[in-house]
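Chemist: Model the full structure from these sequences, guided by the hints.
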Amino acid sequence: MRQLSAWTLAAAAVLAAAPTATAEADTISRNCPHLRGDWYGGNRERLQRVIDARGTCSGHRGAVAAFDWDNTITKNDVTDATLSWALRHDRLPRPARWKDTSAWLTDSADRALTAACGSGAGARLRTSDRPHCTDEIVEIRENGTTMSGAAAFAGRWNHRRTVPQYAWVPQLFAGRTPAEVAAYARAARSEALAAPIGATRTLGTHTVPAYIRYYDQQRDLVRTLQRAGFRVYIVSAGSEPVTEVWSRAIGVDAAHTIAIRSVLDRRGRITTRNEGCGDVPASRGAAIPYIDGKRCWINQEIYGVHGARAWHKQPWKRRPAVAGGDADTDVTFVGDATGAHVVINRNKPELMCRAYDDADGRWLINPMFIEPLPRRPEPYPCSTTARTAPDGTHQPVRRADGSPVPDQADTVH
Numbered sequence: 005m006r007q008l009s010a011w012t013l014a015a016a017a018v019l020a021a022a023p024t025a026t027a028e029a030d031t032i033s034r035n036c037p038h039l040r041g042d043w044y045g046g047n048r049e050r051l052q053r054v055i056d057a058r059g060t061c062s063g064h065r066g067a068v069a070a071f072d073w074d075n076t077i078t079k080n081d082v083t084d085a086t087l088s089w090a091l092r093h094d095r096l097p098r099p100a101r102w103k104d105t106s107a108w109l110t111d112s113a114d115r116a117l118t119a120a121c122g123s124g125a126g127a128r129l130r131t132s133d134r135p136h137c138t139d140e141i142v143e144i145r146e147n148g149t150t151m152s153g154a155a156a157f158a159g160r161w162n163h164r165r166t167v168p169q170y171a172w173v174p175q176l177f178a179g180r181t182p183a184e185v186a187a188y189a190r191a192a193r194s195e196a197l198a199a200p201i202g203a204t205r206t207l208g209t210h211t212v213p214a215y216i217r218y219y220d221q222q223r224d225l226v227r228t229l230q231r232a233g234f235r236v237y238i239v240s241a242g243s244e245p246v247t248e249v250w251s252r253a254i255g256v257d258a259a260h261t262i263a264i265r266s267v268l269d270r271r272g273r274i275t276t277r278n279e280g281c282g283d284v285p286a287s288r289g290a291a292i293p294y295i296d297g298k299r300c301w302i303n304q305e306i307y308g309v310h311g312a313r314a315w316h317k318q319p320w321k322r323r324p325a326v327a328g329g330d331a332d333t334d335v336t337f338v339g340d341a342t343g344a345h346v347v348i349n350r351n352k353p354e355l356m357c358r359a360y361d362d363a364d365g366r367w368l369i370n371p372m373f374i375e376p377l378p379r380r381p382e383p384y385p386c387s388t389t390a391r392t393a394p395d396g397t398h399q400p401v402r403r404a405d406g407s408p409v410p411d412q413a414d415t416v417h
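Each number in my numbering comes from the position in the sequence shown (counting from 1) with 4 added on.
Do not take every clue at face value.
Pair by pair, the computed Cβ-Cβ distance ranges are [as the list claims (entries may be wrong)]:
#1 Ser62 x Arg271: 28 to 34 Å
#2 Ala155 x Asn351: 34 to 40 Å
#3 Pro394 x Asp269: 27 to 33 Å
#4 Arg92 x Ala363: 27 to 33 Å
#5 Pro200 x Leu377: 34 to 40 Å
#6 Thr397 x Glu49: 36 to 42 Å
#7 Gly63 x Ala259: 46 to 52 Å
#8 Gly63 x Arg190: 39 to 45 Å
#9 Ser112 x Glu49: 50 to 56 Å
#10 Ala154 x Ala100: 21 to 27 Å
#11 Gly63 x Thr275: 43 to 49 Å
Since the hints were derived computationally from the structure, they do not count as laboratory data. No experiment lies behind these values; they were computed from the predicted model shown. The C-beta atom is built at its ideal place from N, Cα and C for all residues, glycine as well.
Modeler: Structure representation (structure tokens):
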């Protein structure tokens, strides 16, 4: 038998020690989790490239992904569903004075609510059999007006840090505990998931959605990001005890769920104040996770940036790699993402102007996965009125160089 050379023996030893092609494929499969499901156009492939580049496939771990909740991860609004359930089951506490529920509630709204609902501290507000009371509450929540059309909120607030009618919902539960509100949310969740897609119900004279669904594609995106070593957060302008009930079901725990955080009294009960952000202290709603407020809460709670700096765009390493939203309330933090800006198209002007302008080539627009909206017939007014300024006026959406974004046609629907 021919004697093998030393080189041949050494090479054979290396080959024997090396992983097989199958073993390599298995390793790659474990390190590179893959998205599934149907996405619009090439969105799934583009997201996958970001996941591969910023996750375990490339030896990285700890990048942040942040998502709005309502109408981004789910179809329909979970805080509204909880309010609906509470109204139908007489679970809201009756305030001593309606004027106390919000720093901006108008005299007109105070009179309308008092006439329809009564006042004076009591165990429960009777709404299940008082449709006029339900109507006033729902109208104020949805449109910021009373049933007669009068403004429900007035005064001064930063329109890129809060909106009174969003802050008002947790304030309506003042006197309840977070555990009680979570129990209402669980009951509402069971009810909404059982209702068929498209179902509605009547609250007073208002017709509202009766169903909610998790988007399968978004659940898969969250799961894939987590498997790839990303830290996934939810950032919502809803009530935090409510959002936590829903986010837990997709593997996002309370520590990774950021929403409106109510200040509790000494007995552990919700008050009409919420925790502050940046250089804005605890208040009656001045700084909630809303537009620029979402950036502030991400900077503060995820990256440890405090004080006035929390309101400002941070360096590349202190920004989410992936961020997703569906509305103008999300435009700032979604725009901060360094890898992919995921937008669910609900025809919201400022967000869609940014998305269609696609200044950095990283904006991904997707129709709603359930009951998508039809094409918006008119272009978005990007060059004139699509952006809401801090004082509430409407202005052009501008690029980094100050030039206005041209009006954009709606093409992804």
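Chemist: Now tell me, hint by hint, if it's right for this structure.
Modeler: Hint check results:
For the pair Ser62 and Arg271, the supplied restraint of 28 to 34 Å is violated, since their beta-carbon distance comes to about 50 Å. Between Ala155 and Asn351, the C-beta spacing of about 25 Å breaks the proposed range 34 to 40 Å. Hint check: Pro394 to Asp269, Cβ distance near 31 Å, so the stated range 27 to 33 Å holds. Between Arg92 and Ala363 the beta carbon distance is about 45 Å. The supplied range of 27 to 33 Å is therefore violated.
The supplied range of 34 to 40 Å is broken by Pro200 and Leu377, whose beta-carbon atoms lie about 20 Å from each other. Look at Thr397 against Glu49: about 40 Å separates their beta carbons, and that is inside 36 to 42 Å. Checking the proposed 46 to 52 Å range against Gly63 and Ala259 shows it is violated: the Cβ atoms sit about 25 Å from each other. Range check, Gly63 to Arg190: about 40 Å between beta-carbon atoms, so the 39 to 45 Å window is met.
A hinted range of 50 to 56 Å holds for the C-beta pair Ser112 and Glu49, which are about 53 Å apart. Under the hint 21 to 27 Å, the C-beta atoms of Ala154 and Ala100, about 22 Å apart, fit the expected range. Between Gly63 and Thr275, the C-beta spacing of about 47 Å keeps the proposed range 43 to 49 Å intact.
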